[in-house]
Amino acid sequence: MKDKSNENWIAGQKCLDDGNVNAAASRYYYGVLQAVLGWARAKKGYDRTQKGGVHSKMAEFVRSEGKGRDFYGRKFAELQSLRETADYQPEPADETDLRSLLPDCEKMREYYLKKAEPI
Amino acid sequence: MNTIEDITNAVRDTIRRAFSAYPVDIQTSPEEETTLWVQVFAVRAEDVRAVKDMILQLQDEVIDAECGILLLPMVKNIEVTKKYYPQFAPQDPAGACGMFSGLLDTLPSQAYEMHRGLLESLTVEVEHPVFSSAQIEYQEAGYAPTRERGRQTEVPASADESRYAMAA
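From first to last, the protein sequence lines are chains A and B. Quick note, the first sequence lines up with residues 38 to 156 if you use our numbering. Quick note, the second sequence lines up with residues 21 to 188 if you use our numbering.
It is possible that part of the hints are untrue.
What the hints assert, rightly or not - What the simulated footprint calls covered on chain A by chain B, stretch by stretch (three residues with Cβ under 8 Å from a Cβ of chain B suffice, anywhere in the stretch; the number is not a length): (1) 90-102; (2) 145-154.
Claimed, not checked - Partner residues are not named here, just some residues of chain A that face chain B (Cβ under 8 Å, in silico): (3) N43; (4) S118; (5) E121; (6) T122; (7) Y125; (8) P127; (9) E128.
To be clear, the hints were calculated from the coordinates, so they are not data collected in a lab. Just so you know, these numbers come straight off a predicted model, no measurement behind them. Note that the Cβ used here is the ideal one computed from N, Cα and C, for glycine as well.
Working from the sequences, and respecting the hints, build out all of it.
Have a look at this one:
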């Protein structure tokens with residue numbers, strides 16, 4: 038999942054540079070989600086047969102993992118809100134909100150990519 | 021408190037208690053039944069962060085950690101509400117603009133709070149279940165009514181929970 042996470046994150050940067058905020062919100066979100074998913078599979082034994090959808094399950098993992106769980110749980114929820122706004126709501130995702138989330142979301146993504154690596 | 025209905029009611033009530041002027045609508049995400057969109061409309065710019073933070077805090081305080089329900093804050097400012105969700109937008113002075121409950125003598129200040137920054141002045145018409153209607157006209161500068169008409173002068177204690185329709 039690391040390569041896919043990197044690919045989505047870079048695509049998010051390119052979309053944002055090009056002014057495509059909705060596409061950027063979606064790519065950035067999946068960049069983080071895939072980092073968490075890779076860690077959950079490698080370290081938590083997560084598989085698709087577990088109860089609950091993958092998005093809410095990954096959010097639950099983030100909210101229960103590590104010292105920064107409350108902080109990053111909220112940032113992840115805000116990024117998902119922007120992504121679902123971009124995907125389903127009539128208005129565009131808010132660019133200012135997205136840009137303000139990116140530094141913390143990048144840290145979160147790097148944290149889970151690192152935690153997923155074999156010891 | 022683990023059912024979606026219980027959580028929906030608790031979240032809606034909590035937001036309404038803190039931000040009574042803003043319409044709240046909670047829907048299930050099209051992706052997952054356990055993900056709830058907590059939509060709050062016509063939020064003033066200075067309140068947007070506080071409303072979002074309240075929803076994110078409710079995730080931790082109201083919902084059991086492992087029940088799998090996720091709250092997503094979707095807070096719409098006034099501009100977005102007017103453009104994309106006109107049904108939730110503040111009404112112009114020509115139309116009905118809101119309903120709330122409370123003592124009649126607090127109505128001018130409540131109406132003022134609801135429309136602060138949106139109107140220079142407002143005429144409030146009160147439909148009361150006991151007394152005849154009264155009209156209170158007031159100016160934004162100061163809460164005190166500048167003129168009262170009608171027979172309504174006081175509200176019995178039993179009317180605390182009555183609902184008053186307000187039309188500008």
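Going through the hints against the structure:
Counting residues of the stretch 90-102 of chain A whose CB lies closer than 8 Å to any CB of chain B gives 8, which reaches the minimum of 3, so the coverage claim holds. Check result for the stretch 145-154 of chain A against chain B: violated, 0 residues qualifying (beta carbon to beta carbon below 8 Å, three or more required). Evaluation of the N43 of chain A hint against chain B yields a violated restraint, the C-beta minimum of about 24 Å exceeding 8 Å. About 4 Å separates the beta-carbon of S118 of chain A from the nearest beta-carbon of chain B, less than 8 Å, and the hint is met.
For the restraint placing E121 of chain A at the interface with chain B, the shortest Cβ-Cβ distance is roughly 6 Å, inside the 8 Å limit, so the hint holds. Interface hint at T122 of chain A: satisfied, since its Cβ lies 6 Å from the closest Cβ of chain B, which is below the 8 Å cut-off. Taking 8 Å as the C-beta cut-off, the interface hint given for Y125 of chain A holds, the closest approach to chain B being about 6 Å. Evaluation of the P127 of chain A hint against chain B yields a held restraint, the C-beta minimum of about 4 Å falling below 8 Å.
For the restraint placing E128 of chain A at the interface with chain B, the shortest Cβ-Cβ distance is roughly 5 Å, inside the 8 Å limit, so the hint holds.
Violation of the numbered hints given earlier is confined to hints 2, 3; the remaining hints are satisfied by the structure.
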